[in-house]
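Engineer: In order, the protein sequence lines correspond to chains B and G. Per this note's numbering, the first sequence starts with residue 1, numbered consecutively. Per this note's numbering, the second sequence starts with residue 1, numbered consecutively.
Hints were generated in silico from the structure; no laboratory data involved. All the given hints hold, so there is nothing to weed out.
Lysine-lysine pairs mimicking BS3-like chemistry, simulated, CA-CA at most 27 angstroms apart:
# : chain 1 : residue 1 : chain 2 : residue 2
1 : G       : Lys171    : B       : Lys183
2 : G       : Lys93     : B       : Lys153
3 : B       : Lys18     : G       : Lys18
4 : B       : Lys153    : G       : Lys175
5 : B       : Lys79     : B       : Lys203
6 : G       : Lys61     : B       : Lys61
7 : B       : Lys53     : G       : Lys61
8 : G       : Lys85     : B       : Lys67
Taking CB as the label site, the calculated pair distances span:
#  : chain 1 : residue 1 : chain 2 : residue 2 : range
9  : B       : Val24     : G       : Val43     : 24 to 32 angstroms
10 : B       : Arg11     : G       : Leu51     : 47 to 55 angstroms
11 : B       : Ser82     : G       : Thr50     : 46 to 54 angstroms
12 : B       : Lys53     : G       : Gln13     : 56 to 64 angstroms
13 : B       : Lys61     : G       : Gln120    : 47 to 55 angstroms
Per the computed footprint, the stretches of chain B lying under chain G, defined by three or more beta-carbons under 8 angstroms from a beta-carbon of chain G, are:
#  : stretch
14 : 38-48
15 : 60-66
16 : 79-87
17 : 167-174
The beta carbon of each residue, even a glycine, is placed where N, CA and C say it ideally should be.
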Amino acid sequence: MIENKNEFNWRLFWNTRKELVLAVLFFILSFLIIFIGIIQQISPIKANLSKLKDRETEEAKFLEKTKQLQQLAVDPNFKQSSNIDEVLPSHKPLLEILNNLNNVANTAEVTIKNFSLNPGEIASDTTKVKKSTTEQRYDYLDLDFSVSGSLWKIQNFLSLIEQVTPISTITSISINRNIDEDKNAQAQADLILRTFYFTQPIKTTITSPLPAIATTDQQILNNVNELIPNSLKEQNEIITGDRGNLFGIQGKSIEELEKELNSQAASQGANAALPSDTL
Amino acid sequence: MININFLANRVSQKDKQKEQDAKIFHISIYVLIAAVVLMVVTVAFEFYGTLQISNSEKKIKEYKETILAQEDVEINYLIFVNKLKAISEIYQKRSNKQEAMNYFSNTFDGVAEVIGMNYQEEQGGLVLQLQSDNVFRLEDIDNILNSTELRKKYQNVEKSALIRTDAGSYKLTLKLELKKELN
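Here chain G stands alone, though its shape is the one from the complex (with noise of 0.2 angstroms):
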């Protein structure tokens, strides 16, 4: 009696299926741990931001209670700041014009004598009046004010008028740029 299997290609065919669907299930249940995985990792990473947000508000309202603690010395120290700036500002404006003074009242003196002063700050410039004795005291005056040390030190010095009294004396008038105290 010969046996004759009919099915076998069906079963050839059932195991190869078998085989496939295990294949394809192997798969989905990697497709699904790797799934779970990155849900698991989004949810941490989005639990750890709202942990670090709350951190974060909880270090700022610290911080905020600190300051405000302190709002005093804060404005203490705007004030101090801002009273550096306006000294500062007053202490631009101001010229050397005491300095100026001292400076030709010692170096005329004997030569001549500083018979006026006139001084505007907004005008800027220190207006000297001299006045010498006679011809020789005024030609001591131009060598001063012609002396190279003079100059290195008030470069601009004009005389702007000159009278002879009736005494015979001579009252010269000088202009002077004056420097700022802070340079």
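With the rest of the complex left out, here is chain B (with noise of 0.2 angstroms):
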């Protein structure tokens, strides 16, 4: 009995102070919810901001790509991109320089002497003539030549030879005119023209930024539409000539090739045998 008396009786507990037990238990859930289900998110809601910001920031950086790729359709800088090509070509522009010689040559009215030209690997558009650094965005073909005419034609010649497209220019001049004996002597110039042409690799990344054209490249463009185009068409189809069939053989088997040749030598032989007969 009297140890009936000293244990806890948790039925009267509970009918007396039934509010002070709920209280306990809502603390302690209230506690259980506090670190469960806030303090254990703090961790997870700051790795998730920084991933949204991080997000964000590449967002913004891919959005401002496609604007700008969006604008390029309509930018009239780009719109003159053929222009550049033909005034800086991707390839080396050999049949382009010996193009503008004959027709600068022609228009100046001199003559073209001692013409000398190291192209390379005229098959590759890699191959370097002159070896240059690997930063270099240019490479170039150096021709060297002569041009003899009167004084004012030749330099009518080195004008107009630096204005036309591809880029050219003339690294080396030595002009000389003995007057002594003749007042009208033509002059004779030495030259070197250096012919440019574009070998830089291109590398991009989908996340790097286009660059813009500085005002200097706008200028630039300016002094490039003042340059006269070369009048050499591209040339992209096999021309066949049409020359006609230059053997007469067309539309012949061999063996009927066979058979014509036979008859042939059989009637010449014939044809040689005929004298000694007749005597």
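Please dock the two separately framed chains into a single complex, following the hints provided.
Structural biologist: If you want it as structure tokens, here you go:
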């Protein structure tokens, strides 16, 4: 009986102090909610916020690039890219140089002599004629030649040759004129014409922004528009020439040709034997 | 008969305790409600963040597809810009040699004959050889070379050699510094 009196009476405690028991339970529940539902969620929320910030930055970059690419379609500068390709081609402009040289010499009425050029491997666009640093955006072909004519015509030639596309620069000029014997002596100019072509490899990533065209580049665009375009037409088809059948064997099989040749040989042999018979 | 309540103290103590328990109970309810509200807000915030990330990733995917679809345009543009820069570099190396040649030929027309010109891009300068028939023409050349108009255009003109030929004519060599075309 004494033992029973010492034992804590839960039922009595619940009946008399129900609110306190519930309050304690609620406090424990609140603590659990705060600890599990809030404090534990702080670091995932932080990580989420940081991830969201990164994504938003990335998104802004992509959006900017998409807008830039859309604007390119109406960019008046970019519309001139074909002109720029003509001025600085991505291939060795060997044919263009020769064509220009011929046209400009005809226009300036000068005669070209002692022509020498080392174009390297013509078939390959990447083969370099002269060693240049890897940082360089372009390479060049040097053409050594002489022109003769009156001095003003040579000067006219020098001016014109630097005004045609692809872009060329005269890097060496040596003009001599001997007027001691003849006052109207023609001048001879030994020249080196350097024609440039583009060799820079282009690399890009999806995130890299598009470069802007600087004001100095804008000035270049204006200068480029003043150049005389090359008259050489791009050849992108094989021209057969339609010269007819040069050997006269069109539409004949090998057997027919053999027969024809044999009969021709036999008739020639008979003709050769005829004079001895007639004697 | 006198009624004595021996539990009077005990009852008032119990009532006090009950009031206190009720107070604690109310506080615990408020705390619980606050905790639940905070938890809901936290979960909602996290959900909103995840939703935002998902939206952002979706947009990034769309933009990437658009950019990749326009890859050719981008490469063409990069080539265009780099070609412009290359042309700019080429122009910066160019000097006004033709302009100088034409200027000196025209300036000395009737006074002297231009009998030689030499230009090397690496060295930069232009060497001109003039021939005058006599000493008076040579003096005219000298006057032109010292004129303010010529000096304004070409500040660095150096007379490097003067030769008298057997025929009595004079050959004068001039060295002049050229300006770059793009400045």
